[in-house]
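Enquirer: Note that the protein sequences, when read in sequence, are chains L and E. Residues in the first sequence are numbered from 1 upward in steps of one, following this note's numbering. Residues in the second sequence are numbered from 1 upward in steps of one, following this note's numbering.
Keep in mind that the hints were calculated from the coordinates and are not lab data. All the given hints hold, so there is nothing to weed out.
Computed cross-link-like contacts, SDA-like style, restricted to lysine to any residue with a CA-CA straight-line distance of at most 20 angstroms:
id, chain 1, residue 1, chain 2, residue 2
1, E, 101, L, 51
2, E, 49, E, 68
3, E, 101, L, 98
4, E, 101, L, 71
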Amino acid sequence: EADIYQTPRYLVIGTGKKITLECSQTMGHDKMYWYQQDPGMELHLIHYSYGVNSTEKGDLSSESTVSRIRTEHFPLTLESARPSHTSQYLCASSDSSTTDTQYFGPGTRLTVL
Amino acid sequence: AQSVAQPEDQVNVAEGNPLTVKCTYSVSGNPYLFWYVQYPNRGLQFLLKYITGDNLVKGSYGFEAEFNKSQTSFHLKKPSALVSDSALYFCAVRPYTGGFKTIFGAGTRLFVKA
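Let the sequences and hints guide you as you build the complete structure.
Expert: Following this line, the structure appears as structure tokens:
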């Protein structure tokens with residue numbers, strides 16, 4: 001079982017609120033990722049990081065921001081949530097020195113009213 | 001452009017019958033190939049991978065996948081399907097160039113009927 005954690009698991013908030021989705025991994029992986037996934041649909045990469053102080057935007061345009069100050073921690077922040085942000089957010093990590101197999105957290109299901 | 005295709009949105013199979021979930025890719029070089037599974041209301045789990053060597057790789061829960069270089073395919077297979085195999089399956093390719101970013105297919109939903 002992979003050691004990657006996401007909090008909260010479920011979040012319901014009002015429009016305009018600032019939120020931070022937490023993701024932590026204890027495997028020492030250098031790479032971390034955030035994906036957005038509507039239920040049962042394809043994955044969309046929104047942010048990734050190759051290591052500390054390295055972050056890149058993914059393929060899907062997102063109004064969120066990320067930071068990577070510590071290897072194990074990769075939080076995602078939405079400054080002003082909107083109903084269009086309602087989705088599931090999956091965090092993952094991988095070790096680029098091996099085969100880059102990605103290990104996923106349980107996800108955060110976000111609903112913006 | 002590098003891409004991964006899962007040509008079937010959904011695969012239906014009866015319990016006990018063999019199943020195949022298809023995946024083809026278009027990337028340069030010799031990529032790493034993966035299958036991931038997502039059970040209802042759960043995160044994605046790694047299922048199996050091909051790096052090099054034997055074209056038939058075995059993974060968790062009795063699944064296996066066959067790498068075919070000439071057809072650039074990596075189909076997922078299982079000799080005898082179980083109802084509990086019903087899930088969403090993603091094929092993924094990690095190119096050897098272009099930033100080493102893994103590309104995921106759109107996913108195939110597998111339904112196994114009792």
